[in-house]
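Can you make the complete structure from the sequences, with help from the hints?
In our numbering, the protein residues as written are 6 to 216.
Think of the hints as simulated: they come from the structure by calculation, not from any bench. Here the structure is a predicted model, which means the values were calculated and not measured. Check each hint, because a few of them may be wrong.
Below, in silico cross-link-like pairs of lysine-lysine (DSSO-like), each with a Cα-Cα straight-line distance of 30 Å or less [stated by the list, open to error]:
id	residue 1	residue 2
1	Lys185	Lys164
2	Lys108	Lys74
3	Lys189	Lys139
4	Lys61	Lys76
5	Lys114	Lys192
6	Lys114	Lys164
7	Lys61	Lys89
8	Lys74	Lys130
9	Lys142	Lys189
10	Lys114	Lys81
Computed beta-carbon distance windows for the label pairs [as the list claims (entries may be wrong)]:
id	residue 1	residue 2	range
11	Gly126	Lys61	22 to 28 Å
12	Asp105	Lys130	28 to 34 Å
13	Ile191	Asp105	30 to 36 Å
14	Lys198	Gly87	51 to 57 Å
15	Thr184	Pro90	29 to 35 Å
16	Ile191	Ser57	40 to 46 Å
17	Pro90	Asn196	45 to 51 Å
Built from N, CA and C at the ideal position, the CB exists for glycine as well.
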Amino acid sequence: MINAFAVSMNIRFAIRTLARYFSIFILFFCFSSCESELPTIDLLVKGSDVPSETMKNAEIIYSDSGYVKMKITGNKLDRFAGEKPHIVFPDGVNMLFYDDSMKISSRLKADYGIRYEAEGGMEAKRNVEVINIKGEKLNTEHLIWDEEGGRIFTEVFVKITTGDEVIYGDGLESNQDFTKYRIKNIKGVFNLKDEGAEQEMESQKAESSGK
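Rendered as structure tokens:
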């Protein structure tokens, strides 16, 4: 005759043993899962580029010895911290440069801008336009402002419009006021009074942009 007490003890022992192994299995599974997911999560965190500050209708004024040197405005500002802190203007940017008399010496606008806080300077992209005090206009798709060197430059297609002519070229270097500039590779110079000059200019632009 089977001892009921012994059977009961054996059943309890079996249940406890199974529970112990089941717990160990669950812990091992969780540890393995967490171990495999941790690098992924870590990469996602490191790879994310989330702004530390966002501002609407932003305005930044830079001055030296009490004199305003530059003013930057934008519909939206995203500030990014980290090893290379920078400010992004994703919805357009406008810059005003001032001379020693606090008068506007040149203007810049673009669809997108990046201001490098540590290194200084700025990068403008897409529909970039610069107008100097003489009313001369520069159009390009990419422009870099070297703050320390006090210059602006680009290596891509440029169009310069003066009072009576339009100059096309590839690459440009200028002072930041855009009053003294040099086109690296002039593609054409067209007198605005010449018949058919506009068609020639557009053809030249399409040719250079397609390269």
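Hints and how they fare:
1. Lys185 to Lys164: holds (15 Å)
2. Lys108 to Lys74: Answer holds: Lys108 to Lys74 is near 9 Å, not above 30 Å.
3. Lys189 to Lys139: holds (22 Å)
4. Lys61 to Lys76: Given that 30 Å is the threshold and the Cα spacing comes to 16 Å, the pair holds.
5. Lys114 to Lys192: holds (24 Å)
6. Lys114 to Lys164: Distance ~15 Å between Lys114 and Lys164 Cα, so the pair holds.
7. Lys61 to Lys89: holds (22 Å)
8. Lys74 to Lys130: holds (22 Å)
9. Lys142 to Lys189: holds (17 Å)
10. Lys114 to Lys81: holds (14 Å)
11. Gly126 to Lys61: 22 to 28 Å: holds (24 Å)
12. Asp105 to Lys130: 28 to 34 Å: holds (30 Å)
13. Ile191 to Asp105: 30 to 36 Å: For Asp105 against Ile191, whose Cβ atoms are near 32 Å apart, the range 30 to 36 Å holds.
14. Lys198 to Gly87: 51 to 57 Å: holds (53 Å)
15. Thr184 to Pro90: 29 to 35 Å: The hinted range 29 to 35 Å holds for Thr184 and Pro90, with Cβ atoms some 31 Å apart.
16. Ile191 to Ser57: 40 to 46 Å: For Ile191 and Ser57 the Cβ distance comes to about 44 Å; the hint holds.
17. Pro90 to Asn196: 45 to 51 Å: For Asn196 against Pro90, whose Cβ atoms are near 47 Å apart, the range 45 to 51 Å holds.
In this structure, every one of the numbered hints holds.
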